[in-house]
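So the protein lines, in turn, are chains A and U.
Counting from 1071, one number per residue, gives the positions in the first sequence under my numbering.
Counting from 1071, one number per residue, gives the positions in the second sequence under my numbering.
Hints in this document: simulated from the structure, not taken from any laboratory.
Don't take each hint at face value.
A pair holds if it fits inside one copy or across any two, identical chains being indistinguishable in the list.
[To be verified] Cut-off 25 angstroms, straight-line C-alpha distance, at most; resulting in silico cross-link-like pairs (PhoX-like, lysine-lysine):
hint, residue 1, residue 2
1, K1116, K1181
2, K1146, K1181
3, K1100, K1162
4, K1162, K1181
5, K1162, K1116
2 protein chains.
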Amino acid sequence: MSETITAEDFLSAVSFNTEGLVPAIAQDAKTGLVLMMAWMNRETLKATLETGEVTYWSRSRGEVWRKGATSGHTQKLVEAWVDCDGDTLLMKVEQTGPACHTGAVSCFYRKRGP
Amino acid sequence: MSETITAEDFLSAVSFNTEGLVPAIAQDAKTGLVLMMAWMNRETLKATLETGEVTYWSRSRGEVWRKGATSGHTQKLVEAWVDCDGDTLLMKVEQTGPACHTGAVSCFYRKRGP
């Protein structure tokens, strides 16, 4: 129950917010672990699709952020998915090293206890 | 490599945006399938943690949205996770029926082809 669409249709399907951004969830393609969520603009989404190097827009630094450019903890794109209303992306990736800047495998390392 | 924190600390760890919202990713607790992403405010996050019924804030309708309230396609909370900087949540859920309003199992049913 999935559709395969062209890269062009994929880009057209994405609905960027008023800041020109869309949230992108990164999931480990092998383990299914959800690694992080960050933002992309049209430029970094295109770069991600074209190069296979997952690239975000850093809202805090206001610049293009090729994941792992400084840390070496890159994400190689395996599959790119867009949701029903085009306002969220799911990137299945091959993660090198920890995804989180804290050194944790995933940014989601804190869990609500009982 | 995970920490368990109290519900109180969990709520304190969350950083709501200027609209008072935080994105919440819903993942099927059993299969690992990423189902959808939607938004919560403090009230609906508290309701989710207290009742175990995953509850969002509908930005389009401007109202509390207990998932499945009309469709019956509810999400029962299994685990709640918060990310490193507190600006994204990951809810592992037990999903009844399809998660997507289109009838798809997951909202992410469109994939970029080669």
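Quick check: which numbered hints come out false for this structure? Per hint list: zero violations.
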